[in-house]
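Number of protein chains: 2
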Amino acid sequence: MSELKPTFELSKEFRELLEQAVEREDTGFVKETMAGVNSADISALLDEVGSEVAKYVIDVLNDEVGAEIIEDLEDDTRNKFLEMFESGELANYLSEMESDDAVDIINELPVRKREEVISQIEDAEMAAHILELMRYDEDCAGGLMAKEMIVANVNWTILQTIDEIRRQGENVEKIYSIYVVDDRYKLLGKVSVKKIILANDNTHIKDIYDKDIESVETYMDEEDVADVMQKYDLVAVPVVNLQGKLVGRITIDDVVDVITEQAEEDMQLMSGIAADVEEDDSIWALSKARLPWLLIGLVGGTLGAWAIGFFEGDLDRNASLAFFIPLVMATGGNVGIQSSTLVVQSLANKSAFDDSFGKRVAKMLLVALLTGIVLALISFLIVYLWKGDESLGQVVGISLIGVVMLSSFMGTTTPIVLDKFGINPALASGPFITTTNDILGIIVYLAMANLLLPH
Amino acid sequence: MSELKPTFELSKEFRELLEQAVEREDTGFVKETMAGVNSADISALLDEVGSEVAKYVIDVLNDEVGAEIIEDLEDDTRNKFLEMFESGELANYLSEMESDDAVDIINELPVRKREEVISQIEDAEMAAHILELMRYDEDCAGGLMAKEMIVANVNWTILQTIDEIRRQGENVEKIYSIYVVDDRYKLLGKVSVKKIILANDNTHIKDIYDKDIESVETYMDEEDVADVMQKYDLVAVPVVNLQGKLVGRITIDDVVDVITEQAEEDMQLMSGIAADVEEDDSIWALSKARLPWLLIGLVGGTLGAWAIGFFEGDLDRNASLAFFIPLVMATGGNVGIQSSTLVVQSLANKSAFDDSFGKRVAKMLLVALLTGIVLALISFLIVYLWKGDESLGQVVGISLIGVVMLSSFMGTTTPIVLDKFGINPALASGPFITTTNDILGIIVYLAMANLLLPH
Numbered sequence: 350m351s352e353l354k355p356t357f358e359l360s361k362e363f364r365e366l367l368e369q370a371v372e373r374e375d376t377g378f379v380k381e382t383m384a385g386v387n388s389a390d391i392s393a394l395l396d397e398v399g400s401e402v403a404k405y406v407i408d409v410l411n412d413e414v415g416a417e418i419i420e421d422l423e424d425d426t427r428n429k430f431l432e433m434f435e436s437g438e439l440a441n442y443l444s445e446m447e448s449d450d451a452v453d454i455i456n457e458l459p460v461r462k463r464e465e466v467i468s469q470i471e472d473a474e475m476a477a478h479i480l481e482l483m484r485y486d487e488d489c490a491g492g493l494m495a496k497e498m499i500v501a502n503v504n505w506t507i508l509q510t511i512d513e514i515r516r517q518g519e520n521v522e523k524i525y526s527i528y529v530v531d532d533r534y535k536l537l538g539k540v541s542v543k544k545i546i547l548a549n550d551n552t553h554i555k556d557i558y559d560k561d562i563e564s565v566e567t568y569m570d571e572e573d574v575a576d577v578m579q580k581y582d583l584v585a586v587p588v589v590n591l592q593g594k595l596v597g598r599i600t601i602d603d604v605v606d607v608i609t610e611q612a613e614e615d616m617q618l619m620s621g622i623a624a625d626v627e628e629d630d631s632i633w634a635l636s637k638a639r640l641p642w643l644l645i646g647l648v649g650g651t652l653g654a655w656a657i658g659f660f661e662g663d664l665d666r667n668a669s670l671a672f673f674i675p676l677v678m679a680t681g682g683n684v685g686i687q688s689s690t691l692v693v694q695s696l697a698n699k700s701a702f703d704d705s706f707g708k709r710v711a712k713m714l715l716v717a718l719l720t721g722i723v724l725a726l727i728s729f730l731i732v733y734l735w736k737g738d739e740s741l742g743q744v745v746g747i748s749l750i751g752v753v754m755l756s757s758f759m760g761t762t763t764p765i766v767l768d769k770f771g772i773n774p775a776l777a778s779g780p781f782i783t784t785t786n787d788i789l790g791i792i793v794y795l796a797m798a799n800l801l802l803p804h
Numbered sequence: 350m351s352e353l354k355p356t357f358e359l360s361k362e363f364r365e366l367l368e369q370a371v372e373r374e375d376t377g378f379v380k381e382t383m384a385g386v387n388s389a390d391i392s393a394l395l396d397e398v399g400s401e402v403a404k405y406v407i408d409v410l411n412d413e414v415g416a417e418i419i420e421d422l423e424d425d426t427r428n429k430f431l432e433m434f435e436s437g438e439l440a441n442y443l444s445e446m447e448s449d450d451a452v453d454i455i456n457e458l459p460v461r462k463r464e465e466v467i468s469q470i471e472d473a474e475m476a477a478h479i480l481e482l483m484r485y486d487e488d489c490a491g492g493l494m495a496k497e498m499i500v501a502n503v504n505w506t507i508l509q510t511i512d513e514i515r516r517q518g519e520n521v522e523k524i525y526s527i528y529v530v531d532d533r534y535k536l537l538g539k540v541s542v543k544k545i546i547l548a549n550d551n552t553h554i555k556d557i558y559d560k561d562i563e564s565v566e567t568y569m570d571e572e573d574v575a576d577v578m579q580k581y582d583l584v585a586v587p588v589v590n591l592q593g594k595l596v597g598r599i600t601i602d603d604v605v606d607v608i609t610e611q612a613e614e615d616m617q618l619m620s621g622i623a624a625d626v627e628e629d630d631s632i633w634a635l636s637k638a639r640l641p642w643l644l645i646g647l648v649g650g651t652l653g654a655w656a657i658g659f660f661e662g663d664l665d666r667n668a669s670l671a672f673f674i675p676l677v678m679a680t681g682g683n684v685g686i687q688s689s690t691l692v693v694q695s696l697a698n699k700s701a702f703d704d705s706f707g708k709r710v711a712k713m714l715l716v717a718l719l720t721g722i723v724l725a726l727i728s729f730l731i732v733y734l735w736k737g738d739e740s741l742g743q744v745v746g747i748s749l750i751g752v753v754m755l756s757s758f759m760g761t762t763t764p765i766v767l768d769k770f771g772i773n774p775a776l777a778s779g780p781f782i783t784t785t786n787d788i789l790g791i792i793v794y795l796a797m798a799n800l801l802l803p804h
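Taken in sequence, the protein lines are chains A and B.
Note that my numbering numbers the first sequence so that position 161 is 510, with each residue one more than the last.
Note that my numbering numbers the second sequence so that position 60 is 409, with each residue one more than the last.
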């Protein structure tokens, strides 16, 4: 990617070399190969080696790089990993992090160890920041924010502000804006770094600061924070408490993680996975996450069997009828998922004035009618040419139109209704819609056969 | 959200007030109500009113705000909207934008109008930037980058750099880093704004700049750019050409849009929607996007019917057998989607050394066995208690274990194989897996019945 730095080959061969070097305690090899490599790349490498090797590498490097590596490790690797550190060692690494990242790691520790670690952080301000941030729920603005930021009093001059930047500079990795507050720390606005660079040293902040500023409140849900930052193209947003006092700042990197996780979670909900799991979780966790929706599917299948039982006479009279149950069922399922996905997505991109419910449903029914007619014609031809049975062909074709319209209706309205009740509509897109539409499909098809085929 | 600015009620009542004000050409009302409102909020409002009203509002406001509003409009609204502007007016608005946003809008215009608009842009540098950026494909780094950035020669002093910031300041909305180049514009590194603020005026860039810098090349795929920025927590990344010369800069806001679109696209692929559509596209576009997978589902259903035909004798002997086809099919479908979603997600979070293919499949089969046994026991009880038929209960139960294992296998291996061939594995998660598993489920179930039930 970049030609300015040594590129880093994450090959199996290199991993073996590294493991051997650690075994013979060759600190020189580790230091040399890791020099100038981005810490995110080292983390990716350490995710793939044993915890002892990883700890050896981190111990060899300096605390600042070590802290960055620990931040970037995958959760699973890190959890195993944190157990190997003494409280004092951990306290050192945490002191090198921004407060929000430090709190994330402390929250992963066993409760007893947390206090031990915090008590050993030498920087009293950092320890106070961590204790403050631990109060907030992980999923709200307070849980995302860091305490590190540059704050200027509205009455200061540029020179005083630059002094503050010098004082805070070491703690604040990236300055985007300088936040402006009054004597009681109430947020008033911001000054861009560009203005600071270009202004005269004796200019007063109050004469140049920008009163137009977006802020979020500590209790705001993380997804709403993501929406705000995305809508206004912000790279950082100040967080205020109920009294409007500035208490922290959220940066875009944390929000990008929120957006990515949210998309993954919706996709899992849609595919009927009940809990937030990953492929490398335990067999037990994976099975437990998958069973609930499979059991609901089983109940749906039983209801389907019960529905078929109603039409046993028709099936006896025309055995070919059973052949096309899967076709009708599958079409209903597919149409339902398509419809609900589109609705879920347009609900996510919420705009201020939506089309009315009626207008949406009407449009959706027209699309369903159009696709239904195409599918009906093709399926009629298939059945007629294969079975030579014109009336069975008609039954399959006509019921497909009905099933497509019904499934579209269910797929469109269910997420809208769930959304109105404050339930995540992605939940509807998956097995729930499929199961309902399976049963409806069977009933429509066999009822149509009962009506149209000779008794 | 923020208490510092007038909050903006996007109520139906306000929309009507606005429309009336435009009708009586009340510029005062528009100016007054829009003063201090964030342009993104005005865009959201204008997305919901007629194009004439929207154009009137934009004309009343100043060019800079107008340009921001136009950038933030939804694609559909904007397309209708751009037709109403004279080339000269458009040229004015484009001059107020960053070059990447201007190019995005020019690309939406009819080919002939593009040249007209570009020829009327008065700022010659801007026109040249636009022409340069138009060369790049929209989906690569070159298509995402803007020309606006602060660049310093490595031999400059801080004072010279500040002069450059003053010169470029108006064009560059947000400065994150100052990029450092040699005399031939080859990218050497970066200097943070923090260092510029704190350094002495006579310090030379070459003594303080940071040689560790991540960059991307113009032809890099936009999703890879997103991965790089996410991995290294970057808010901006410089873009270099094949010769390593600095040609532009990509900012995180554009990449957040890429990430969001990508997630939407994957979700649509998974749910069997063939093209990138939204709920408010035309009926024809929506039908066309949905039909391909529905037709494949139809083919699958026909193959299912054909498979059932093989076992017609068994169905004749035991009519209840047909009852449980939907149950077995649905379980296979659900398990397949669950498995493939998990695999698709772990493929997306690619790490350097993956578990071996064999290890993944073995684990997945264990999960399938565990869930399969639970489902088998429950379904046996259902069938036995309802139908009083122990051997039919055994057939349903045993075939469910087989179906769950087979569907898990298909759901796990298909995305991995597609990924190896460079095809988006999300494509596999949807109707493809479901259709295949439907057919396999039917065959396993009826074959098991043929083996276990008395002839």
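Simulated from the structure, these hints should not be mistaken for laboratory data.
Here the structure is a predicted model, which means the values were calculated and not measured.
Treat the hints loosely; a few may be bogus.
DEER-style ranges, computed between Cβ atoms [what the hints assert, rightly or not]:
#1 A:Glu572 to B:Phe378: 33 to 41 angstroms
#2 A:Asp488 to B:Asn502: 43 to 51 angstroms
#3 B:Phe706 to A:Leu480: 42 to 50 angstroms
#4 B:Glu465 to A:Asp561: 33 to 41 angstroms
#5 B:Glu614 to A:Glu739: 22 to 30 angstroms
#6 A:Lys580 to B:Asp472: 27 to 35 angstroms
#7 B:Thr552 to A:Glu572: 39 to 47 angstroms
#8 B:Glu401 to A:Asp425: 38 to 46 angstroms
#9 B:Trp633 to A:Leu480: 28 to 36 angstroms
#10 B:Thr552 to A:Ile772: 39 to 47 angstroms
#11 A:Glu362 to B:Glu465: 41 to 49 angstroms
Where a beta carbon is used, it is the ideal one built from N, C-alpha and C, also for glycine.
Hint by hint, here is what the structure shows:
{"no.": "1", "hint": "A:Glu572 to B:Phe378: 33 to 41 angstroms", "result": "holds, 35 angstroms"}
{"no.": "2", "hint": "A:Asp488 to B:Asn502: 43 to 51 angstroms", "result": "holds, 47 angstroms"}
{"no.": "3", "hint": "B:Phe706 to A:Leu480: 42 to 50 angstroms", "result": "holds, 47 angstroms"}
{"no.": "4", "hint": "B:Glu465 to A:Asp561: 33 to 41 angstroms", "result": "holds, 35 angstroms"}
{"no.": "5", "hint": "B:Glu614 to A:Glu739: 22 to 30 angstroms", "result": "violated, 42 angstroms"}
{"no.": "6", "hint": "A:Lys580 to B:Asp472: 27 to 35 angstroms", "result": "holds, 29 angstroms"}
{"no.": "7", "hint": "B:Thr552 to A:Glu572: 39 to 47 angstroms", "result": "holds, 44 angstroms"}
{"no.": "8", "hint": "B:Glu401 to A:Asp425: 38 to 46 angstroms", "result": "violated, 57 angstroms"}
{"no.": "9", "hint": "B:Trp633 to A:Leu480: 28 to 36 angstroms", "result": "violated, 60 angstroms"}
{"no.": "10", "hint": "B:Thr552 to A:Ile772: 39 to 47 angstroms", "result": "violated, 59 angstroms"}
{"no.": "11", "hint": "A:Glu362 to B:Glu465: 41 to 49 angstroms", "result": "violated, 58 angstroms"}
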